[in-house]
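Colleague: Could you build all of it, start to finish, from the sequences and the hints given here?
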Amino acid sequence: MLDHVGFPVSDFTRAKSFYAAALAPLGYVLMMEITNEQTGGHGDHAGFGDGRPDFWIGTGKTAASSTHVAFHAKDRATVDAFYQAAIAAGGRDNGAPGLRPHYHAHYYGAFVLDADGNNVEAVCHTPE
1 MLDHVGFPVS DFTRAKSFYA AALAPLGYVL MMEITNEQTG GHGDHAGFGD
51 GRPDFWIGTG KTAASSTHVA FHAKDRATVD AFYQAAIAAG GRDNGAPGLR
101 PHYHAHYYGA FVLDADGNNV EAVCHTPE
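Under the UniProt record's numbering, the final residue of the sequence shown carries the number 128; numbering is consecutive throughout.
There could be a bad hint or two in this list.
Stated by the list, open to error - Across the chosen pairs, the derived CB separations fall in these ranges:
| id | residue 1 | residue 2 | range |
| --- | --- | --- | --- |
| 1 | HIS104 | GLY60 | 32 to 42 Å |
| 2 | PRO101 | VAL29 | 27 to 37 Å |
| 3 | GLU37 | ALA77 | 38 to 48 Å |
| 4 | THR35 | HIS125 | 35 to 45 Å |
Everything labelled a hint here was simulated from the structure, so no lab data went into it.
Fair warning: this is a prediction, and the values are worked out from it, not measured in the lab.
Here a beta-carbon is modelled for each residue, glycine too, at the ideal position from N, C-alpha and C.
Modeller: Next comes the structure, spelled out in structure tokens:
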């Protein structure tokens with residue numbers, strides 16, 4: 001239903017490195033960069049994806065409150081790998097990998113805060 005989603009970050013270079021590392025276990029790579037000149041003065045942007053760039057970060061004024069974005073993981077091991085990569089890349093723990101049965105019986109997720117306080121999640125919905 002959604003085509004793409006994005007939000008501004010306070011340090012574009014740092015965020016680009018963080019997301020490249022954190023999203024790698026999910027099969028996401030940096031696919032496209034658009035410069036401030038190309039956007040007509042609306043900042044630099046980086047698009048990540050696993051076939052097309054559907055997750056974007058960009059320069060600009062960050063939101064007053066954090067954003068939550070959840071990425072689908074194919075299995076629980078991928079959720080674990082996302083969490084480890086995100087923490088190693090400078091993310092802060094916001095919920096270690098594990099079942100969240102209050103969402104549903106097979107909801108297995110991990111939550112990490114990026115440098116701007118955005119809540120980044122990887123989630124798997126299938127039984128192990």
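Colleague: Please list, smallest to largest, the hint numbers that this structure does not respect.
Modeller: none
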